[in-house]
Each structure stands twice: as structure tokens, then as C-alpha cells.
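2 protein chains.
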Amino acid sequence: MMERHFDENLQALKYQLMKMSALAEVMISDAIKAVVDRNEEVIPAVYEREELVNQMQVEIDETCLTQIALHQPAAGDLRFIMGAAKANADLERLADEAINIVKRAKTLLTEPPLKPFIIIPEMAMIARGMVRDSLHAFVNRNANLAREVMFRDDRLDALKTAIAAELTDCMTMESSAVSRALNLLLVSRYLERIGDHATNIAEISIFVVEGRDVRHHADRKP
Amino acid sequence: MMERHFDENLQALKYQLMKMSALAEVMISDAIKAVVDRNEEVIPAVYEREELVNQMQVEIDETCLTQIALHQPAAGDLRFIMGAAKANADLERLADEAINIVKRAKTLLTEPPLKPFIIIPEMAMIARGMVRDSLHAFVNRNANLAREVMFRDDRLDALKTAIAAELTDCMTMESSAVSRALNLLLVSRYLERIGDHATNIAEISIFVVEGRDVRHHADRKP
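Chains as they are written, first to last, in our numbering: chain A, 1 to 222; chain B, 1 to 222.
Chain A on its own, in the form it takes in the complex (with noise of 0.2 Å):
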């Protein structure tokens, strides 16, 4: 009976740890909205959403200390649950980027567009994607999905790289830009964070089912 209730409880965490990072995806995908399409429209809901997070980061931690404390669960479960109070952090900071991108859009609509969005949609499409696919991996046990998931990470960095490149030229030529640039610059870098949050969750997921750490080592790729 115990034992029942133990493989519930762990069951709803799943369920808690999916539900947040459902919320997470869609204020990513808001927060562009309100740069690429200039849709301020959804820049509320954004902030809702995050408190939402922020209440379940909260109770995501303490259904891991409740777990392990009535439960005392064996290597694997506890590997776990650790592994689930991190990743609810990986998931709190990173709906976080969401709010940094939408306090950036708000100084970027007071400007007209600067250019035509190439890359900052692609990288926000990927980083989404990211977030999702590690949240999938950790829940299911789903080592080769995590590894995927850390690959597209270089994906990110590279876009990153071109998109710093191309908005130095930017500041560079005209001054007039240099606001604009930087606020889209910062932009990027809070994709590339939500990419490296996402890289934590899908390293966090390979420890919990291999029972080795994968950090820190160059052949991490699949």
C-alpha cells in the first residue's frame, strides 16, 4: 500500500514537472511574439504565467523533501527526485528569460522594427523545442532523447554567434541602431540561456538514468 502511494506521488510530480514546463514554453513563445510580431497583446500573460511557475516551484521542492522524507526511496527513486528539485530550478529560470525578453521588447516597441527577424525566431523556435523534448526526456527516462537535446544546443550557440556578429555591424554603421541592436542582442542571449537551462534538465536526466554524470566531459554527444 505504501508502496502504491509512493509510485502515485512520484506520478504527480511528473505531472507538476510537465505542467510547468508547459506554462514555461508558452511565455517563451509569447515573449517573442511580443519582439518578432510586435505584439504587445500578450506581455500580460506572460506575467501570469510566471507566477504560476513560481508557485509551482515551490511545491514541486516540497513534494521532493515530502518524498524522500516519509518514503526513504532506494538509489533509483532518490536519484529521482534529486534530479526533480534541479530540473524544477532549470524550469524557474528559465520561464525567468521569458520576463527578460518581454522587458526587452517593451523598450524595443517604442522604436520602429530595425530589420526583417531571420534568426531570433529560429533560435527561440529551437530553445522552445529544447525546454519540451529535455522535460520529455527526464519524465520518461529517456536517455538518447536528452543526448538530442544537448546536441541542439551547439545549434543555438552558433546562431547566437552569427546574430552578435551581424548586430555589432549594425551598431557599428549606424548609431541610430545601437539601441535597437543591443536590446535584439540581449534577446538572443536569454535564448541561448533557455537553451543552457534546458542542457542542465537533459544532463540531469541522463544521470537519473545511467547513474552517471555526464557534465563535464567532451563525449557527451550522441
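Simulated from the structure, these hints should not be mistaken for lab results. Any given hint could be a false lead.
Because identical chains cannot be distinguished in the list, a pair is counted as satisfied if it fits within a single copy or across any two copies.
As the list claims (entries may be wrong) - Okay, derived cross-link-like pairs now, DSSO-like style, lysine-lysine, Cα gap no bigger than 30 Å in a straight line: (1) Lys-160 x Lys-106; (2) Lys-160 x Lys-19; (3) Lys-106 x Lys-14; (4) Lys-33 x Lys-14; (5) Lys-160 x Lys-33; (6) Lys-160 x Lys-115; (7) Lys-160 x Lys-103; (8) Lys-115 x Lys-19; (9) Lys-33 x Lys-19; (10) Lys-14 x Lys-115; (11) Lys-106 x Lys-33.
Given chain A's structure and the hints, the job is docking chain B onto it.
Chain B in isolation, oriented as in the chain A frame:
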């Protein structure tokens, strides 16, 4: 006997975290020396210390898991160990920011200095102090010190805003300054991140001591 053994292991865990924090603090100072004093010679040591920090992170996580699995600690100690695992993640990531600063320093050293440094050294001093004191607050279960650390983050944010305005002006007025100003702006953002991680550790400390969550509350100031 088991009891004594567990207390000794907790002491060892605290010692590991303090050692990791000390490494990170030196990394921050050296990274800023590379930027402000244009001292290239300190750079290799920053990378060497990062290797040590990465190793320690894996060891500390292992210690946390083992202590929970073997000793099934009661509520207060369990919170402390879960907190140690989280503080561990923040320490590793703030040490990474020192590496990010060094990368910017390398680019900055290829050009003549832009102007005298005033804000960045102050930001670095505050950030380093926040790291040291957040760890002290954690291992000594000192919630007052933790609150004081969180308070200092406001000063860091104000300095970040001030230097962003200064560097944006600089880029707008002088196109040859764009690349250097941008790199310095990123250095200031990395220092801000270090302060954010120290704030996280301070929040963890308060949770461990008081068993209540001070994240996401407006009343967290001392």
C-alpha cells in the same frame, strides 16, 4: 556511532562547499584582473580552477545522494543536504561566469583600453563578497547574513543599469567603440549573474534555517 559518522560527513560536505566557493571567488577576481588590469597571465589559472570546480561539483552531488541514501536524515538535515545539492549547482554556474568574463577579456585585450574602469571593479567586489557571504550563511545556517546578501543584489542591479546607459552612449557616439563597449557590457551582465547565483544560495540558506520559502516574496529584504 552511526550518528557521529553522519555529523562528520555533514562537516565534510560543508568543507567541500567552502573550498568550492573559495575557488570560485579567486576565479572571479582573476577574471576581472584580466579585464581591468589587462593582465593576461592570470587567465590560464582561471581555466585550471574551473576544472577543479567541475570535479568538486560531481563529488558534492555524489556526497549528497549517499548521505541521504545511507542515513535517511530527519527533516532539518534533509533540507540542508537538498540545499547543498542546489547551492552546489549555483556555485558551478557562477564559476562558469568567470570563464565567460575571461573570454571577453581575451577579445578586449586585442584593442586599446576604452576608458578608465570605475563601475566594473565595484561590481566585481560586490559579486565576490556576495558569493563568499552566501556560502557562509549557508554552512553556518545564518539567515540574517543571507538576507543581507540579498539586499546587496539591489546595488549590483543599479550598477548594471548605470554601466549599460554609459556604454550605450559610448557606442552611439563613437562607432569605433562598439565592439569594446559591447564586451564590457557583457562582462557587467556576467557579474550580475554571479550576484543572482549568490542570491539563490542566500534564499536556499533561509529555507534551510527557517523552513520557509523566501523566493518570490516581496518581503525578503532585511
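Hints versus structure:
1. Lys-160 x Lys-106: both (21 Å within a copy, 19 Å between copies)
2. Lys-160 x Lys-19: within (28 Å within a copy, 34 Å between copies)
3. Lys-106 x Lys-14: Classified as neither: same-chain Cα gap 35 Å, cross-chain 44 Å, threshold 30 Å.
4. Lys-33 x Lys-14: This pair counts as within: shortest intra-copy Cα distance 29 Å, inter-copy 45 Å.
5. Lys-160 x Lys-33: Close inside one copy (19 Å) and across copies (27 Å); limit 30 Å.
6. Lys-160 x Lys-115: both (17 Å within a copy, 27 Å between copies)
7. Lys-160 x Lys-103: both (19 Å within a copy, 15 Å between copies)
8. Lys-115 x Lys-19: Result: close neither inside a copy nor across copies, 35 Å intra and 49 Å inter.
9. Lys-33 x Lys-19: within (21 Å within a copy, 44 Å between copies)
10. Lys-14 x Lys-115: Neither way: Lys-14 and Lys-115 sit 42 Å apart in one copy and 52 Å across, limit 30 Å.
11. Lys-106 x Lys-33: within (12 Å within a copy, 35 Å between copies)
Of the numbered hints stated above, those contradicted by the structure are hints 3, 8, 10, listed in ascending order.
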